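Trainee: What follows is each chain in one-letter form.
4 protein chains.
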Amino acid sequence: MSLGKQYMERINDGRKVWLGNQAVGNVAHHPAFAATVHNIALLLDKQNEPDTRDQLTYRGDKSRANIAFLVPRSKEDLLRRHSALKFYADATFGMMDGLSQYARSLLTGHYANRHYSGIGHAYANKIESYYKFIKENDLLCTGAAHDPLRNDSQPPSRFDEASDPGLRIVRETEDGIIVSGARMAAANAPYVDEILVSFYDPRSREDKRHGYMFAVAANTPGVNIVCRESFVADEPDDHPVSARFEDMDTVIIFDDVLVPWERVFIKNNPEALLKIQRDPAAAALGQHQTVVRLLSNLEFIAAVGHALTSASDRKAFLHVQEIMGELIIQVETIKGLLIAAEHRSSPGNDNIWLPEELPLQMARNLGTRFYPRAIEILRQIGGDALLQSPAKLADFDGPIGHLLRQYYQGTDRSAIERTKLIKLAWDLVGSPPAVRRVLYEQFFWGDPVQAYANQYKDYPKKTLTDPVWNLVDTHSKQYKGPS
Amino acid sequence: MSLGKQYMERINDGRKVWLGNQAVGNVAHHPAFAATVHNIALLLDKQNEPDTRDQLTYRGDKSRANIAFLVPRSKEDLLRRHSALKFYADATFGMMDGLSQYARSLLTGHYANRHYSGIGHAYANKIESYYKFIKENDLLCTGAAHDPLRNDSQPPSRFDEASDPGLRIVRETEDGIIVSGARMAAANAPYVDEILVSFYDPRSREDKRHGYMFAVAANTPGVNIVCRESFVADEPDDHPVSARFEDMDTVIIFDDVLVPWERVFIKNNPEALLKIQRDPAAAALGQHQTVVRLLSNLEFIAAVGHALTSASDRKAFLHVQEIMGELIIQVETIKGLLIAAEHRSSPGNDNIWLPEELPLQMARNLGTRFYPRAIEILRQIGGDALLQSPAKLADFDGPIGHLLRQYYQGTDRSAIERTKLIKLAWDLVGSPPAVRRVLYEQFFWGDPVQAYANQYKDYPKKTLTDPVWNLVDTHSKQYKGPS
Amino acid sequence: MSLGKQYMERINDGRKVWLGNQAVGNVAHHPAFAATVHNIALLLDKQNEPDTRDQLTYRGDKSRANIAFLVPRSKEDLLRRHSALKFYADATFGMMDGLSQYARSLLTGHYANRHYSGIGHAYANKIESYYKFIKENDLLCTGAAHDPLRNDSQPPSRFDEASDPGLRIVRETEDGIIVSGARMAAANAPYVDEILVSFYDPRSREDKRHGYMFAVAANTPGVNIVCRESFVADEPDDHPVSARFEDMDTVIIFDDVLVPWERVFIKNNPEALLKIQRDPAAAALGQHQTVVRLLSNLEFIAAVGHALTSASDRKAFLHVQEIMGELIIQVETIKGLLIAAEHRSSPGNDNIWLPEELPLQMARNLGTRFYPRAIEILRQIGGDALLQSPAKLADFDGPIGHLLRQYYQGTDRSAIERTKLIKLAWDLVGSPPAVRRVLYEQFFWGDPVQAYANQYKDYPKKTLTDPVWNLVDTHSKQYKGPS
Amino acid sequence: MSLGKQYMERINDGRKVWLGNQAVGNVAHHPAFAATVHNIALLLDKQNEPDTRDQLTYRGDKSRANIAFLVPRSKEDLLRRHSALKFYADATFGMMDGLSQYARSLLTGHYANRHYSGIGHAYANKIESYYKFIKENDLLCTGAAHDPLRNDSQPPSRFDEASDPGLRIVRETEDGIIVSGARMAAANAPYVDEILVSFYDPRSREDKRHGYMFAVAANTPGVNIVCRESFVADEPDDHPVSARFEDMDTVIIFDDVLVPWERVFIKNNPEALLKIQRDPAAAALGQHQTVVRLLSNLEFIAAVGHALTSASDRKAFLHVQEIMGELIIQVETIKGLLIAAEHRSSPGNDNIWLPEELPLQMARNLGTRFYPRAIEILRQIGGDALLQSPAKLADFDGPIGHLLRQYYQGTDRSAIERTKLIKLAWDLVGSPPAVRRVLYEQFFWGDPVQAYANQYKDYPKKTLTDPVWNLVDTHSKQYKGPS
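Chains as they are written, first to last, in the UniProt record's numbering: chain H, 1 to 483; chain Z, 1 to 483; chain V, 1 to 483; chain L, 1 to 483.
A couple of the hints might just be wrong.
[As the list claims (entries may be wrong)] Result set (BS3-like, lysine-lysine): computed pairs, CA atoms no more than 27 Å apart in a straight line:
1. H/457 - L/335
2. H/461 - L/86
3. Z/315 - H/457
4. V/315 - L/457
5. V/86 - Z/461
6. V/315 - Z/315
7. L/335 - H/335
8. V/457 - Z/315
9. H/462 - L/86
10. H/86 - L/86
11. L/315 - H/462
Honestly, the hints are just simulated from the structure, not real lab data.
Quick caveat: nothing in here was measured; it's all calculated off a predicted structure.
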């Protein structure tokens, strides 16, 4: 049985996925999820196809594994990761992380660095077992890292234990911990195998109750996966992106869930959680994946922008060329930063070979502004022509098809091609998944204003400022002629 | 029978509306249109309701008529127009011009100014008859003013007559003209009674073929109303705006349509069309309506932004308050410009009392930037919380309703109220009608770069510059002490 | 003796003005101040010139006074104020408030509202006397309202009394109070007669020590006027603006200064100070002056932008026309808001006729962004041509004058005219006073981020939000067809 | 005699430098130029100082030469260039290219690529001789590449030969060509040895008259160096940047100048000029220098921003931290792109080792927006405190020095240090050289709108768009489930 088929059968496991007021049964057959699940399955199959197997997998101790699980030991390993991650990103136009390569990269980082985490042996052993379990079974994962009401201005401990809506350990038993509460922003939970739960917020530092990290299978009793409204569209001909991929946002409500001890990696230990958050291997590999995907996404927007410009008479306008130039600059800037990070990669603890974080941080910070701007540019290039297509491509075969063919023709394209292109552009600009992605890129690292502020606070500023203080302290003595 | 009912029966007239590859039958019963048609009908009924009759209508020669048809003869008349237009705009949150008050205002302007248009008696008489026909039957109208492939850089006459995809007169008969071709950007055509067709583009000046202005009923044989994809949403509880109003964009394809002579206002006369475009009464009344609607729209966005801010802990952040301040400034700036235009209103030809155009032009030019920015601000205020609501409000009555009530609570609102508010905000930010409206506001007056350039070119600059040239010519002589 | 002459003699009064490490003697003869003082004197003379006397003054009880002192009792009075304020603003291109009309307007407002201030009789009587003294002697004033290290994040009371660098009352005597400390941002102090001192910061509310308001003559013993670096330029031919007007910034250091009781308006009373800050008459008249001046300033920038565009081949570019359109929109938007404020003026306490504040607040908030943007636009229009002029206009009479005449010619201007125009543009874009003005417009109302946040916080939001909460609360019941 | 002294004597050569209406004599002693010349001399001396000699020079065939003349044959050579260029840039805070390393890098590129230019042997031989002459004598150069009235919208050939204000060959003699006309934007011409003249504008392609490239010594008879107004400031204590460096803009007016044949590299050959413009070695080396300098400049701005933030209480504000984050992101983005360009360097013709151009183009395109934005940020961080310093640092030693010491103290700095820092910040924000640099960075590559448009037009877009057209052509066949 193909990997894709196995996956589709595997996730039909009784999980509680809520979409509207009843539980979804088999997600693979539900209209809101079927297309996405099928496309994920197709991507999984690529691991065994002769053309792509070597690009997407590596030979581990026992068997081949997806490259997301590869602990890099050289720059070549990093570039292999890049190549595979780019393949998956391109397959979704960068619009979705179908195979959960981000969560897998984080886990691989935690595993690689487990002995240097400073958290202890028990943690290291449990992470090792879990990593091997995920890798060997080629499982998909997601993370869930926010409180239900994301609160930027107050610590989670503002609630007393009883009224705390956040996820907390309510008691311990011989078998494990019992947890209750809600967790936000778990992308794709309906389709993955495993949910990793932690609390990355630095504000949790005072707060023992939120100092945990554990994992549950998606079908664990008491785990409720609450979906937002479905954004899936019908007809891939009319909605080339949104009919194919739904990067579903969910809230996980834990209702007295038992987590067995071997899946409880950290407990009542906020300091350990800060170490997890700052784990250099997880951070570098996770961000590397993110930036590769961003590049893929921006390339696709620029490409559609160029196609749209070419198909219209507006290509002659300097101000249209200017904003197209901006799209090109976005793409090549992110690409350059990725090259710099990889070029300046270096071995860390235990010879784990990591990309330099600073250029990746730049790319992701630029990305929070580039992506919304890219979509704005696409909207400006398209203009109101984006709203003039016939309702469906099928209209071209209908009673007035001959009129549509005549009157929707483009400057360099047939009416059907032009209509397809415009529908694609609209799907990237005006569909709910399009707007969702803008929000996602802006808020992926938290409030973008705070993200920029953090970049400043964390930056090593001393060497930067030395020349200034030198100048301020000494400049009056410096001005004199040559000898 | 109520006005609304009459309307719903009236538009079931055999018109050819295409949505997907078959003709829609009765739009009032079609799922894509029913809600909008019902809401228009409700608005029409207001004209006869005792609370609103005097606000929305005026007593004409024979009977009451909608105030959009009132030719203002005093500042008070202008303010009456304002009041009624605001009522309708508020009823749709400024998201739709349900009763086609813009087109009606233009027509009223052309009628009022008909003897001063410089186009001639025949035109004046036909416009007068048509205006009275529309007014007395309280009909809804739309305009259609663009070529199919809106071409900013080349004149329509770049095509020879045979291959011209634009709408043109193909022959004349005793009964009238026969026209064929496509016309873009006819908003709401499926629900209106009448379609007004002209070609306002200044580039048509060289081009006799495009120098026409005429009107057709929506069900005229050969008139095809081609809709874009439907954006209507189900469940007004979950989609408070997009389940109620669909400001449908259409392309009208004329396939050998006979237009009787009494409906052909202008023919083969591009100069006359330029006069129509610059008709001071039509321009002033049309823009007055537009700015009243924009104000309503911006007020609603600011109100939702404030409600959202209040319901979240983020209200404590200065940078959130700053962008909320920006929304307030948008509202009050547009309001101030409207007040200025009305205050500086003055009588024109024949004592038609018109608002000053310049402040209205400012409002509309600011609007092309304010509205997209307002939506961006709403998106930033909402953040990723916009994507975490349960799929439907009905979920609160479902099996996990108790959990949702517990975990979706806001800082000052119950879980249900907060969810409703967030769904409203998302509907304004992330639904296809939301993005459509951003495009609409940006491109309503054509490419916004060109609109700004035109503002510069048309502005009387001489008095502005006189002091500069004085200074340049004389400043060397000017510098001397006091006597 | 002319008013200007009187003024020039009057300010030669022994005041301590520090510019570099020695006291300036007579400012009217000092190279840093002479030109500005002379230009102020010329402006003062206008009050007696037949062409302008009626525009600039009004007939008071005893004699004519400058219109800044007119308490408006009708809309006509407001328009008279507008006309006179505009005259003075235009005379300096809006770059300087030469006759301290802002401070005079504030004082007039405090006087007009003195009986309704809620501060008491003693205050009312002292303000009345002081207002009459200033008015009858036609004195120039400035205000000084900031602590030396403007501290946005902490209250002034963070210092204990001994180490407080801010201005504070150090003891009281029979004759008055003795004050010491520094006060920032006193514009034009070297040239004015009187300095008004208060502490408008709302954070002072907890802080009795900073709850004072008093006035001193500029030459009071112990008053040190510390100037920043002089920005005056030589040669008005080469620097049409910066050789004429220096809007000097100063810090006033009070070194054991005795303020007589009749000049101590408020003492140890922070609540009273908040009332002063919110005095509706002072706020409205002060902002009215500010917006009239801003309009004058933006008109001048737009005019220079247009002249520059016309003198260059770049006028053909759409993106140049677009940003010129933006300058026009700035001018007409501010003008529209001013009209709205005046049109919606209404009588307050005691029939004082005040412009509506909200449109003025909008104008000033827009102004904090419009002005920097206007200068940026002027820079973009000028481009690097701004840096290619000969060093001085006098060069045209020098040995290579014939070559300059040949090679600096513009498209529609002689080499000399074009050079003068470019030097004027550079003076508005690149001179220190030019950059100072950008800072001034941005920070006049405090940190612009906080100013926007305050606009939000102070705005009456309830009526705005009512429709939203209605919709959230009731929308599920609302959707139904027409009767 | 030191290199600096030699230089100072050498440029006292009778050149005709015009500043105001008389010729400057010895620039080294003229107040407008002395400081800059002395600082250049100091930099020249570094080539012989033991600490810096190896960093700044390389051993050529005969003797050591400045590294700007090094033709790179390996990545190490590129990094050597980087290191030396950074040293010089840091020495001027990136505000000036004191040793004309840009022009030298271009010349080195032309020399390196001379046999592959496709222009011919005569050109190759002349360039080789000239390069060796400049290198062996360690001369400073500048370029002059624009017509007097830079005309973006019309070709230079719009003038007939007689009225052409541009530089053109007026006749030929046995000894060489005779040229007359003006040439703009020659930076630093008063202090350099040599002026390289060409016409890089692609519009010159039709225009034989402008198809030349030649070099003249600065003191060639008939060469007039016309300076704009001097921006030099006195007192480096008060103006740490603008008292030291003046990047003087000049127009060169050629008045019947004889250029000997060996200095005429190209003549009447616009095609050759296009090849010169696109010379890959010159482009890559020139841009490499530019980006290294830009990095130095941005680092300095960020450092001053950080010092200013630290010295003020405003560091606690999130919105201040956000814009400081933006400065950090600017620095590290440009640094990353530089790393990428160097890492992806590769050997071209004749094993010349060149940085990849695309990342350098990104850096320079980002730079046209980053630099103005950086200065805007510095202005916002400084706020109106930038205008409150005492006129001169010397004031601290004057009669009220004790008061200044008390009242100008910062949160973490003494009054003197804080004042020095603020004066430095103002010098970068508000002095004429500060604004000049903003213009320079924006317009260095021509109108920035056109520069972005060119980036789009020149970019290889085909591979980008292939996936889009694939999707448009085939996507209807693609949607099917896994096997």
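Trainee: Each hint: holds or not?
Mentor: Structure-based check of all given hints:
no. : hint          : result
1   : H/457 - L/335 : holds, 19 Å
2   : H/461 - L/86  : holds, 19 Å
3   : Z/315 - H/457 : holds, 23 Å
4   : V/315 - L/457 : holds, 23 Å
5   : V/86 - Z/461  : holds, 19 Å
6   : V/315 - Z/315 : violated, 46 Å
7   : L/335 - H/335 : holds, 13 Å
8   : V/457 - Z/315 : holds, 10 Å
9   : H/462 - L/86  : holds, 19 Å
10  : H/86 - L/86   : violated, 35 Å
11  : L/315 - H/462 : holds, 16 Å
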